[in-house]
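Student: What follows is the residue order along each chain.
2 protein chains.
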Amino acid sequence: MSIRIGIYGYGNLGRGVELAIRQNPDLTAVGVFTRRAPESVKTLTGIPVYSIDDALKMQGQIDVMILCGGSATDLPKQTPFLAQYFNVVDSFDTHAKILQHDENVQKAAKKAGTTALISAGWDPGMFSLARLYAGAVLSEGKEYTFWGKGVSQGHSDAIRRIDGVADARQYTIPVAEAIEAVRGGATPELTTAQKHERECFVVAKEGADAARIEREIKTMPDYFADYNTTVHFISQEEMNEKHAGLPHGGVVIRSGVTGVDGAHRHVVEYSLRLDSNAEFTASVLVACARAVYRLHKEGVVGCKTIFDVPPAYLSAKTREELLGGLL
Amino acid sequence: MSIRIGIYGYGNLGRGVELAIRQNPDLTAVGVFTRRAPESVKTLTGIPVYSIDDALKMQGQIDVMILCGGSATDLPKQTPFLAQYFNVVDSFDTHAKILQHDENVQKAAKKAGTTALISAGWDPGMFSLARLYAGAVLSEGKEYTFWGKGVSQGHSDAIRRIDGVADARQYTIPVAEAIEAVRGGATPELTTAQKHERECFVVAKEGADAARIEREIKTMPDYFADYNTTVHFISQEEMNEKHAGLPHGGVVIRSGVTGVDGAHRHVVEYSLRLDSNAEFTASVLVACARAVYRLHKEGVVGCKTIFDVPPAYLSAKTREELLGGLL
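So the protein lines, in turn, are chains U and C. Note that the working numbering has the first sequence beginning at 222, numbered continuously upward. Note that the working numbering has the second sequence beginning at 222, numbered continuously upward.
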């Protein structure tokens, strides 16, 4: 029997989930839940659209609800709320607030007897797994996460708020020398700013003072001031043509030692190069929905993360296929 | 309370386990069990040495027994046998026989109510995890495992058996062009021989016919005949000086697509560069012993693999540390 998935929210991530479900024959998309008027929304694959107000009426028809809202305001409310009625998966990615989010969802899920999995995606998510495994194996070592090359939507938005800016796209780029040093086994102390550069593509409004815009970007606290930042002014046409995608990725490296007096060094590296940030995240959410369904069937309830899930639960393959072909 | 570990077998892997336990304050090495006369064996860290004949007497003193024998003849017998008396972890690495090994250990462990984890290490082990996770997330894709650069002991042994060879070391080297193609998103069909080259360093006995040795190596079926193989003759001094270590490593790459008509490509890459094959494997075994102890305490019995273990069980960190710092 197919696992029935509801998609709660229908932006980039929701559309990615819809498409990812189609790539997994053991899953079925029941429909999309939206705050907009359902008749105004057309789905990519023709699945039904419902108002979020009707979600609770469909409890019996959905095995797992995948939440596709944002971490700033949507998920902190939606995940604990929906965990009262559904098994849920979300991609809550505000690292500093995960413990608080876990506590809220834990309470709701335990009370209702549902199963929740929070903070799935690639970071938090696949990168977190890379950090955990490498750290568990190489207990004496140091680990680094580099992000990019990829588009940071938060930084792009920050530039767009500057007076005279019509459009902007910011790429986070790992500093090549820093990656090479760590890859080679060095274990320097590096701040986020020492690990990354920021490259900005800006469309200025007609008559705007480019020099002032560049200065405002480069001196913006937190976002840019501490970083090696470059600014390129381009036309709207060039922006549309060359910077329409939302690629991202990065690399997690742990370097550690074993043996007598730490004589032997080992370097573990996990990297992602993603054409579409949202669609890859969606693919992780969908695999996690499979795991949540299985955990729930076994009677596991409460709030979980990818750290709590036996890897086999994410895969559609049987134990025999896994041990015979993948292990 | 510290988790009490027994080390069954005291070669390179056993010594690696002994040293790895010292890097993990929540684990204690109870002692080494050897087939040799215990008084003839001196451990690196001064832990006691027992005869394997005395192992069963120590059931109450050991939480997990880590088996450090070889996959060809030791583990197929030892793991099912010891699983009758102890929780066990092994590094059984004959991929084609894992299902059979699992069946044997499963039977013994379920009957005895013990917990076993088989086939831990880096391949099978960490590489298997990389393959499983990437495949679960990118269900539409293709995956590649490249081994090396590293010493293959099996291939080195095969050369040493040739008449006139005094010593030999064989390095398995991934074909750089093949890795680059896959990394770039190409999905060619590649045999193991198309993915790897073999570089051999050989010390010939005095008066031996080097040309014949080289020919015998390059035409050896299964081991070398299908591969691009190079042979270098060197002195024993050079062998001892430059080829004493047993480094290994490799890379798992999965390339897959998502989106409308598979429009977006994603490349997941996991790589290891290991100064010491045995010590890294030992570090994985030790983390798995921690997980086995925890699973057993929860009442989970039977034969498991790393695919069945929630990642958090491998780590010494608390849930709060994991969610607050690593996720």
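To be clear, the hints were calculated from the coordinates, so they are not data collected in a lab. Since we're looking at a predicted model, the values are computed, not measured. It is possible that some hints are incorrect.
One copy or two, it doesn't matter: identical chains are merged, so the pair holds either way.
Straight line, CA to CA, 20 Å or less: simulated SDA-like cross-link-like pairs of lysine to any residue [what the hints assert, rightly or not]:
#1 Lys-370 / Val-478
#2 Lys-328 / Pro-297
#3 Lys-518 / Ala-537
#4 Lys-439 / Asp-529
#5 Lys-370 / Glu-401
#6 Lys-518 / Glu-260
#7 Lys-538 / His-316
#8 Lys-518 / Asp-529
#9 Lys-370 / Arg-404
#10 Lys-318 / Gly-545
#11 Lys-363 / Gly-545
#12 Lys-331 / Ala-399
#13 Lys-538 / Val-478
#14 Lys-426 / Thr-315
#15 Lys-363 / Thr-412
#16 Lys-278 / Gly-405
#17 Lys-538 / Ser-360
#18 Lys-331 / Ile-383
#19 Lys-278 / Glu-542
Student: Could you run down the list of hints and mark each one as holding or not?
Tutor: We went through each hint and held it up to the structure:
In this assembly of identical chains, Lys-370 and Val-478 lie within 20 Å of each other by CA distance solely across copies; the values are 19 Å between and 29 Å within a copy. Taking the shortest alpha-carbon separations for Lys-328 and Pro-297, only the intra-copy value of 13 Å comes in at or below 20 Å, while the best inter-copy value is 46 Å. Taking CA atoms no more than 20 Å apart as the test, Lys-518 paired with Ala-537 passes inside one copy only; the shortest distance there is 16 Å, against 29 Å between copies. Neither within a single protomer nor between protomers do Lys-439 and Asp-529 lie at most 20 Å apart by alpha-carbon distance, with minima of 41 Å and 49 Å respectively.
Proximity of Lys-370 and Glu-401 under a CA criterion of 20 Å is satisfied in both settings, with 15 Å inside one chain copy and 18 Å between copies. Within a single copy, Lys-518 and Glu-260 get their C-alpha atoms no closer than 35 Å, and across copies no closer than 54 Å, so neither meets the 20 Å cut-off. Taking the closest pair of Cα atoms, Lys-538 and His-316 come within 20 Å of each other only across two copies (17 Å); inside a single copy the shortest separation is 31 Å, beyond that limit. Proximity of Lys-518 to Asp-529 under the C-alpha cut-off of 20 Å is found in both arrangements, the shortest distances being 16 Å within a copy and 16 Å between copies.
Proximity of Lys-370 to Arg-404 under the C-alpha cut-off of 20 Å is found in both arrangements, the shortest distances being 17 Å within a copy and 15 Å between copies. Taking CA atoms no more than 20 Å apart as the test, Lys-318 paired with Gly-545 passes between copies only; the shortest distance there is 8 Å, against 40 Å inside one copy. Proximity of Lys-363 and Gly-545 under a CA criterion of 20 Å is satisfied inter-copy only: 17 Å between copies versus 34 Å inside one chain copy. In the homo-oligomer, the alpha carbons of Lys-331 and Ala-399 never lie at most 20 Å apart, since the shortest distance is 44 Å inside one protomer and 50 Å across protomers.
In this homomeric assembly, Lys-538 and Val-478 come within 20 Å of each other (Cα to Cα) only across copies, at 19 Å, whereas the closest approach inside a single copy is 35 Å. Taking CA atoms no more than 20 Å apart as the test, Lys-426 paired with Thr-315 passes in neither setting, with 33 Å inside one copy and 65 Å between copies. Proximity of Lys-363 to Thr-412 under the C-alpha cut-off of 20 Å is restricted to the intra-copy arrangement: shortest distance 14 Å within a copy versus 36 Å between copies. For the homomeric pair Lys-278 and Gly-405, neither the shortest alpha-carbon distance inside one copy (56 Å) nor that between copies (47 Å) is at most 20 Å.
Only between protomers do Lys-538 and Ser-360 lie at most 20 Å apart by alpha-carbon distance; the minimum there is 11 Å, versus 31 Å within a single protomer. Taking identical chains as interchangeable, the C-alpha atoms of Lys-331 and Ile-383 are never at most 20 Å apart, the minima being 45 Å within one chain and 66 Å between chains. For a Cα distance limit of 20 Å, the shortest separation of Lys-278 from Glu-542 qualifies neither inside one copy, at 38 Å, nor across copies, at 38 Å.
In terms of the numbered hints stated before, the structure departs from hints 4, 6, 12, 14, 16, 18, 19, listed from lowest to highest.
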